[in-house]
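Asks: What follows is each chain in one-letter form.
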Amino acid sequence: MTANEALPLAVIASSLLPGLAIFALPERSVALRSALNLFGALAKLALVATLLAGVAAGEDYAFRYAVLPGIDLAFKADALALLFVTLSAVLWLFTTLYAIGYLENAPHRSRFFGFFSLCVTATMGIAMAANLFTFFIFYELLTLATFPLVVHRGTPQAMRGGTIYLAYTLLGGTLLLAGIVWLNALAGHAEFAHGGYLAAGDAPNWQMQVIFLLLIAGVGVKAAIVPLHGWLPQAMVAPAPVSALLHAVAVVKAGAFGIVRIVYEVYGIEFAQSLDLLAPLAVFAAVTIVWGSFRALFQDDLKKRLAFSTVSQVSYIVLGVALFGPLGTVGGLVHLVHQGIMKITLFFCAGNFAETLGIHKVSEMDGAGRRMPLTTLAFSIGALGMMGAPVTAGAVSKAWLADGAEAAGMDWAIWVLWTSSLLNAAYFLPILWRAWLRPAPAAWPEERIVARGRRETAWLLLLPPLVTAIMTLAAGMFAESPGSPLEWAKLIAAREYRVAH
Amino acid sequence: MTSGLIFACAGVVLFAMGTAGVVLLDHLLRRILAFNLMGSGAFLVLIGLAQRDGMPDPVPQAMVLTGIVVAVAATALALALARRLFALTGGYGLPQSEAKDGND
Amino acid sequence: MTDPLPWLILLPLLWATGAFLLGPARGARLALAGTAVQLWLAFALAAKVSSAGTALHHPVGGWGAPLGIDLAADGLAALLLILTQFVALPLFLYARAYFAGKSPAFWPLAGFLLAGMNALFLSADLFNLYVTLELVGLAAVGLVAMGGGAQQLAAALRYLFATLVGSGLYLLGVALIYGVFGTVSITALTPLVTADAPPAVWFAAGLMLAGLMAKTALFPFHYWLPPAHGGAPAPVSALLSALVVKASFYLILRLWLHPFAPLTQVAAWLPALLGGAAILWGSWQAIRAERLKELVAWSTVAQLGYLFLIFPLLGADRLALHAGGMQVVAHGLAKAAMFAAVGVLIQVTGRDAVADVAGVAARLPVTLFAFGLAGITLMGLPPSGGFLAKWMLIDAALLRGRWDMVVVILAGGLLAAVYVFRVLRQAFLLPSSGERRRVERRPVATLEWTAFALAAASVLVGLRGMEILRLLEAGT
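Protein chains in written order, with my numbering: chain F, 1 to 501; chain Y, 1 to 104; chain V, 1 to 476.
Any given hint might turn out to be false.
[As the list claims (entries may be wrong)] Here chain V is said to cover these stretches of chain Y; the calculated rule only asks that three of the stretch's residues, wherever they fall, bring their Cβ under 8 angstroms from a Cβ of chain V:
#1 11-24
#2 28-38
#3 71-78
#4 87-94
[Stated by the list, open to error] Partial list, derived from the structure: chain Y residues whose beta carbon lies under 7 angstroms from chain V:
#5 A42
#6 L46
#7 M55
The hints are simulated quantities; they were obtained by calculation from the structure and are not laboratory data.
Here a beta-carbon is modelled for each residue, glycine too, at the ideal position from N, C-alpha and C.
Take these sequences, add in the hints, and give me the full structure.
Replies: Structure below.
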């Protein structure tokens with residue numbers, strides 16, 4: 001095995017092996033467990049950095065293992081894969097730190113961190129899968145690894161959320177499997193390729209369209225496209241680090257990433273357009289964007305409001321994919337990263353409010369900004385980013401998406417973006433107003449962590465949201481400098497369209 | 001109709017009767033006897049059909065001998081189980097409670 | 001090296017007799033040693049078959065067919081031999097800890113069972129197969145009755161009658177075949193049986209296959225399986241569900257592929273129809289089951305259904321055959337693991353009820369993992385062997401335009417998810433305070449880890465798919 005074959009495997013192993021080791025650890029060995037976690041996360045970052053440098057220089061990283069005749073378990077670290085891998089690896093590190101702080105003294109931590117690592121492993125596999133078969137393997141692994149996290153608390157409420165989550169995702173997985181095997185039977189087993197590997201004439205058009213529907217419905221469940229989004233608000237019963245991971249990195253992104261792969265590298269953007277598949281997809285994305293924002297307006301539960309916001313924001317990615325043209329592609333891809341950074345900030349902060357002061361509802365947020373200024377500041381940056389305020393990462397994504405919509409001649413999509421931005425402001429600004437400007441109540445709902453000196457909460461809870469908030473600003477301000485998510489998205493779009501044209 | 005064919009037909013009839021008995025009867029001893037009837041029917045077919053050209057064929061004779069040994073063993077096991085069941089429940093019928101496994 | 005074929009039959013007979021004479025403590029050690037050697041022999045045999053590419057033969061005592069008994073092993077037989085010894089070895093370790101020397105009947109019966117199974121896989125003529133079928137059936141009935149309670153005896157008797165009727169039908173078929181062709185050797189029969197064979201041959205084939213289906217508990221002949229498998233002690237249930245039902249399935253497949261291929265084309269839809277019904281009905285009953293073992297037993301009914309879906313799909317591309325072989329292996333490992341895991345859950349909670357596993361996730365993580373991994377295989381989720389089997393089966397069905405079967409296969413996977421997660425969900429639930437106070441036995445590590453090893457094997461076997469398929473190709 002050469003180094004170029006081993007690297008993708010090493011990226012997967014760097015979370016898989018610590019995860020398996022953690023399962024075997026007794027509950028009380030906190031230090032060893034944390035060390036293993038952090039070692040895995042840092043090792044992964046180092047490996048990903050190597051990959052990034054290599055791919056930018058034009059290296060190929062691929063690994064293949066025959067499972068059945070003609071069917072390989074195959075990994076490939078291309079530019080698109082690395083976009084997602086890097087996002088996951090970076091956010092995994094911060095989520096791990098956060099989770100260590102969050103779960104201090106909580107029960108069943110070995111199980112939690114074990115599945116947490118498996119979850120990241122699955123995300124890596126999804127990102128680097130080189131064919132639909134491999135993609136499916138890790139897609140289902142993700143479902144299985146997240147279920148114990150969702151039901152971690154073991155309350156009947158958690159069980160209900162977990163059951164709904166499973167019902168949706170397993171059904172989605174079944175549709176996806178049907179689509180993949182069918183496609184495999186028609187067009188043979190092929191690897192993802194720039195510009196797609198399907199061509200007109202492989203099969204009757206109606207079959208191609210039905211398969212597309214099956215595949216998109218299968219991954220659309222995780223991407224929470226309306227009407228397949230019902231599980232996401234229910235899954236909010238999970239602990240905050242899990243919600244952060246689910247919303248920003250693992251689950252919904254796996255769905256969105258799947259759509260990117262299917263549209264660009266299975267069907268190919270041109271072929272998908274010629275089959276009239278992109279316009280309906282754009283419509284579904286638009287409906288989801290507006291519907292999610294609209295529902296978010298009426299949620300008093302802070303995490304539920306954020307959850308509906310995720311429903312809406314993830315479909316920005318889908319919309320970008322469905323806009324036929326490189327500008328939309330760049331907008332969608334860059335939002336994959338930007339939404340992750342911003343949403344994880346918001347969930348970290350929501351977790352801080354809940355853990356420190358017992359605040360779970362928007363109506364309890366009065367005066368939180370004075371008691372926890374840094375957390376509230378990070379929250380504000382994330383929220384402003386979501387609205388698309390200037391200087392933040394959100395502004396960059398929205399600008400590119402709007403340009404893409406214009407270039408594709410879909411002016412209605414611009415109106416969708418505007419409506420959504422207004423709705424975003426309508427459900428985020430009241431939170432900020434309450435937190436900063438309203439007086440604090442006499443007593444917080446449930447104050448658990450008492451401020452010591454200048455620290456408003458445990459430093460492990462405070463550090464991650466601050467860092468991701470800074471990243472939100474940095475991604476906005478330095479969007480045009482080399483190495484930024486935007487530049488990387490441009491590189492991917494250039495590769496997709498160079499082949500297509 | 002040759003004698004062999006008569007034997008075979010009688011065997012098939014016996015077999016059918018035996019099978020019906022095993023499936024339909026309630027009393028365990030009767031079911032065990034019915035199983036033996038089934039076996040005898042099959043052996044009769046084997047012996048009857050093997051009489052080709054008037055010459056006896058040794059192979060089916062050997063098979064029937066083996067089959068009888070197997071049938072005796074099975075009967076012994078069934079009788080032992082039935083006796084044990086009788087000692088426990090005082091009856092020679094199968095308790096019906098398992099039916100709930102499928103139906104409740 | 002000596003020929004492994006006869007030793008695979010002789011060894012278990014020897015250690016079974018030894019265990020009978022020496023008692024359970026020494027018997028268990030003997031059984032473990034013997035099974036380990038058998039496993040090695042099975043692998044050696046598979047290597048030989050694989051490299052030869054054709055079936056191996058062994059005339060017993062130097063007397064070959066037609067007068068003597070001929071043993072034969074091809075790829076399919078070698079695969080099942082490996083599976084049998086591979087599953088039996090950890091299960092025997094499990095049984096040793098489970099019975100803790102208290103169950104003298106287990107070891108001799110298990111030995112005779114293995115001898116019967118190995119002989120069945122190696123037999124090359126129809127009558128010999130009858131004898132081995134009976135050996136397997138009688139040993140299995142003895143194992144079911146081992147508990148000694150009225151329920152278990154009743155289940156054993158029901159099972160006995162079902163298996164006797166099944167092998168009776170088979171025997172009558174053999175008699176008719178001998179009457180027409182004058183031989184019972186499978187190799188000799190293969191060229192003789194053609195589509196214009198006399199009605200007696202058709203009748204015989206029907207009888208034999210029907211009898212074997214009854215023994216494999218194919219819907220609607222499944223009625224005996226849930227009480228028998230659900231009522232026996234856990235290691236016995238595991239042996240029966242994982243291996244014994246596969247023996248009669250193996251025979252159906254063998255007959256279907258070789259002597260009866262010209263006859264069976266017309267009725268290939270029938271086993272598939274019954275298999276589909278088994279998947280739906282078995283899963284549905286598993287979803288409703290209140291007892292853990294009952295749930296797992298009904299799941300066996302459902303999973304056996306997948307095996308019968310392959311018959312109309314068998315063809316030149318061999319995809320369906322591969323799917324069947326993979327499903328036999330994956331289900332064998334997973335079901336053994338699942339019964340073993342359930343055995344631990346019952347031992348620790350003291351009750352056999354799905355409702356009572358609440359909260360075991362915290363106390364028995366290894367066992368629950370075993371259950372979950374086995375469940376992954378049964379649901380057909382990747383990367384397990386069950387997934388590969390399902391994948392190939394769907395592929396084969398699509399290639400022949402059988403949409404109805406695709407729907408049944410996918411629906412079966414979802415239904416399996418419902419009954420597997422019913423248990424897992426309950427296990428993650430926090431127990432109410434009253435239940436938490438109940439005194440529980442501590443789990444035995446051997447029990448937990450053997451269950452886990454089997455479950456892990458059922459998932460990881462998916463990564464060795466190529467080897468399994470290559471072995472299946474050798475001379476089958």
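Asks: Each hint needs a verdict: does it hold in this structure or not?
Replies: Here is how each hint holds up against the structure:
no.	hint	in the structure
1	11-24	holds (count 7)
2	28-38	holds (count 4)
3	71-78	holds (count 4)
4	87-94	holds (count 3)
5	A42	5 angstroms, holds
6	L46	4 angstroms, holds
7	M55	12 angstroms, violated
Going down the numbered hints, you'll see the structure goes against just number 7.
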